[in-house]
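Colleague: Chain by chain, the residues run as shown.
There are 2 protein chains.
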Amino acid sequence: MTAFGFELLGQDGKARRGCITTAHGTIETPAFMPVGTAGTVKGLQPQEVAATGAEIILGNTYHLMLRPGAERVARLGGLHEFMRWPGPLLTDSGGFQVMSLTELRRLTEEGVTFRSHIDGSYHTLTPERAIEIQQLLDSDIAMVLDECTPYPADHETAESSMELSMRWARRCKEAFVERPGYGLFGIVQGSVYPDLRERSAAALIEIGFPGYAIGGLAVGEGQEQMLETIEATEPFLPADKPRYLMGVGKPDDIVKAVLRGVDMFDCVLPTRSGRTGQAFTSRGPVNIRNARHQDDPRPLDDETSSPVSGYSRAYLHHLFKANEMLGPILLTLQNLCFYQRMMARLRLAVEERRIEAEAEALFAEQARGDIPVLS
Amino acid sequence: MTAFGFELLGQDGKARRGCITTAHGTIETPAFMPVGTAGTVKGLQPQEVAATGAEIILGNTYHLMLRPGAERVARLGGLHEFMRWPGPLLTDSGGFQVMSLTELRRLTEEGVTFRSHIDGSYHTLTPERAIEIQQLLDSDIAMVLDECTPYPADHETAESSMELSMRWARRCKEAFVERPGYGLFGIVQGSVYPDLRERSAAALIEIGFPGYAIGGLAVGEGQEQMLETIEATEPFLPADKPRYLMGVGKPDDIVKAVLRGVDMFDCVLPTRSGRTGQAFTSRGPVNIRNARHQDDPRPLDDETSSPVSGYSRAYLHHLFKANEMLGPILLTLQNLCFYQRMMARLRLAVEERRIEAEAEALFAEQARGDIPVLS
Numbered sequence: 004m005t006a007f008g009f010e011l012l013g014q015d016g017k018a019r020r021g022c023i024t025t026a027h028g029t030i031e032t033p034a035f036m037p038v039g040t041a042g043t044v045k046g047l048q049p050q051e052v053a054a055t056g057a058e059i060i061l062g063n064t065y066h067l068m069l070r071p072g073a074e075r076v077a078r079l080g081g082l083h084e085f086m087r088w089p090g091p092l093l094t095d096s097g098g099f100q101v102m103s104l105t106e107l108r109r110l111t112e113e114g115v116t117f118r119s120h121i122d123g124s125y126h127t128l129t130p131e132r133a134i135e136i137q138q139l140l141d142s143d144i145a146m147v148l149d150e151c152t153p154y155p156a157d158h159e160t161a162e163s164s165m166e167l168s169m170r171w172a173r174r175c176k177e178a179f180v181e182r183p184g185y186g187l188f189g190i191v192q193g194s195v196y197p198d199l200r201e202r203s204a205a206a207l208i209e210i211g212f213p214g215y216a217i218g219g220l221a222v223g224e225g226q227e228q229m230l231e232t233i234e235a236t237e238p239f240l241p242a243d244k245p246r247y248l249m250g251v252g253k254p255d256d257i258v259k260a261v262l263r264g265v266d267m268f269d270c271v272l273p274t275r276s277g278r279t280g281q282a283f284t285s286r287g288p289v290n291i292r293n294a295r296h297q298d299d300p301r302p303l304d305d306e307t308s309s310p311v312s313g314y315s316r317a318y319l320h321h322l323f324k325a326n327e328m329l330g331p332i333l334l335t336l337q338n339l340c341f342y343q344r345m346m347a348r349l350r351l352a353v354e355e356r357r358i359e360a361e362a363e364a365l366f367a368e369q370a371r372g373d374i375p376v377l378s
Numbered sequence: 004m005t006a007f008g009f010e011l012l013g014q015d016g017k018a019r020r021g022c023i024t025t026a027h028g029t030i031e032t033p034a035f036m037p038v039g040t041a042g043t044v045k046g047l048q049p050q051e052v053a054a055t056g057a058e059i060i061l062g063n064t065y066h067l068m069l070r071p072g073a074e075r076v077a078r079l080g081g082l083h084e085f086m087r088w089p090g091p092l093l094t095d096s097g098g099f100q101v102m103s104l105t106e107l108r109r110l111t112e113e114g115v116t117f118r119s120h121i122d123g124s125y126h127t128l129t130p131e132r133a134i135e136i137q138q139l140l141d142s143d144i145a146m147v148l149d150e151c152t153p154y155p156a157d158h159e160t161a162e163s164s165m166e167l168s169m170r171w172a173r174r175c176k177e178a179f180v181e182r183p184g185y186g187l188f189g190i191v192q193g194s195v196y197p198d199l200r201e202r203s204a205a206a207l208i209e210i211g212f213p214g215y216a217i218g219g220l221a222v223g224e225g226q227e228q229m230l231e232t233i234e235a236t237e238p239f240l241p242a243d244k245p246r247y248l249m250g251v252g253k254p255d256d257i258v259k260a261v262l263r264g265v266d267m268f269d270c271v272l273p274t275r276s277g278r279t280g281q282a283f284t285s286r287g288p289v290n291i292r293n294a295r296h297q298d299d300p301r302p303l304d305d306e307t308s309s310p311v312s313g314y315s316r317a318y319l320h321h322l323f324k325a326n327e328m329l330g331p332i333l334l335t336l337q338n339l340c341f342y343q344r345m346m347a348r349l350r351l352a353v354e355e356r357r358i359e360a361e362a363e364a365l366f367a368e369q370a371r372g373d374i375p376v377l378s
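Sequence lines, in order, name chains D and U. Each residue of the first sequence is one higher than the one before, starting from 4 at the first, in my numbering. Each residue of the second sequence is one higher than the one before, starting from 4 at the first, in my numbering.
Excised from the complex, chain D in its bound form (with noise of 0.2 Å):
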């Protein structure tokens, strides 16, 4: 039986170079994982999303709890049997989408009631249930359940909310069953307050976690407040546990939290633009929607590697006026290549020292903007 752990491989300055043992596999960090929402990355098979380079994929507890129901995952042999992921799964407790797509909800300090966007039927999460679930649904890293304190909140609610998560934390791990190559990661809360992120961290490691997130940031604080936010965290973060920043980001909000110490990213953002016709690219993001691709034969990033680099924009850009599925297929393929390129790149720069370079130059290429038009 494989162990739980985190190896920490390398370092320069604060950015950190790592492999995360799990049940179902290695996951060499700074990693960016997918989002799985619903047991799928929306319009791939599990195959293509290992192909872009991914080793985990994250699922979300909320939608899976709904439909198809944890027990019945659980019933058919758990997530990854279900959705034939073999690798690492890490699930989210289901707190977050609760407070963000349900109405009529009531949290209490025993868990928080909801009604279903679904259909509408009452469910109620508590932190021993969001637990349970996860670990029917035989995720390799659960989270702990926690409020997300909306932004912007002031020092008191904050404090209680923060309070209120350590509370729930404490339940949670309790209610873990350990099992090897599993592990729970607690949740740093505390809104943009230092003192309250110092006293998250160490309410955390009292309790203790093989894992360590960052939770209640990229919710419309900006880039700056989130990477003091992570600035004021990451020293009270035990060095030799993996750094979860959640639901974080743009590709230039990852590279800067690299080099702040974070491990782990997931976003919904290069699998949800992708399906809106945006795509990420060497040179920038590009709109592929935009009428100066029509006629362009020319390869929508030509210096990232992916399965969409032999189709033309011109084609690309059809796609997406006519509807077809493949046009979001093909972007998302395109932007979970460019996001593992870069975590590839970023985990070769901490391995050779050399990461401030390469977070300048991945700026630059950034910087240079799309390629111009035909003329």
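Bear in mind the hints are in silico, worked out from the structure with no lab data behind them. All clues stand as given, with none of them false.
If several chains are the same, the list does not tell them apart, and a pair holds so long as it fits within one copy or across any two.
Straight line, CA to CA, 35 Å or less: simulated DSBU-like cross-link-like pairs of lysine-lysine:
#1 259 with 176
#2 45 with 176
#3 253 with 324
#4 253 with 45
#5 45 with 324
#6 45 with 259
#7 253 with 176
#8 176 with 324
#9 259 with 17
#10 253 with 17
#11 176 with 17
Starting from the structure of chain D, add chain U where the hints point.
Modeller: Just chain U now, with coordinates in the frame of chain D:
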């Protein structure tokens, strides 16, 4: 340069085994052509279509002329290059979609004027323009512009409609610029009237084409009348040219038409049905949206090897209930694999002169019905 041609490799009763040679490769017949309306078989990359066993894709002139436009496709290197399908392509003439998709159309001796269903713009399709468009698209097999006679039609209406189509067929032949490896097929019309079908076939043979389609069927006449019409037409078609039954059909339609001497088929059924949750399997159709599948860990069809074989019915059901793109993608793959496997079996059976027995075996397999629900 490869000459366009057809070789009759074998025969068993009326059923034929052949091979069509085109500029972009060969097509073993009897053949099923997946429909790639707007330059894509919906949801699949070209290499995935090829992996199902398909050797030729059908493109719709009507859709492509409106968007992205035939001249644009030509500037981009033709439809093969545009959609990255290196194999043979067949395009229809656009006439059928003009009749079925547009309003405010006006049919004259010269051609048909209509408004685009996309943006309401006016367009005219004449025999000459239909050929020009298909040659701009660079399709290996072009089709003459015809009037798809509505069903039902009385003898007089069917006769004058057929005669118009024959005059258009001659204009198409005159407009078609011969190139090695490229061919133009005539289309037999005449509704369900054997005398008109015979006259139409004779008129086309008089003009001379490297292949002949049977058009104006699968428009509501029912299988029995369709088969009778094929039987009434087939004796008047030259044995040394391929015969293409347009827009057909369900699996048993295809088997029965192969028994009656047809070589080529196209139909949206496997792809369109797949997108709505209907699977074709070796035990007949299965509606994966049915609740009976929600806890079923078994594969959809354990007799048709396809990229879908590894997924459970429960997972496929979940994808459709959750409106996940991967559901339509996977069922499209299943259905195309089912169709192509059926065609491969028919080809082999003709070679081995046991087509009647194979047809009976296919009907018996389909009649078994789906596997029982797990208790």
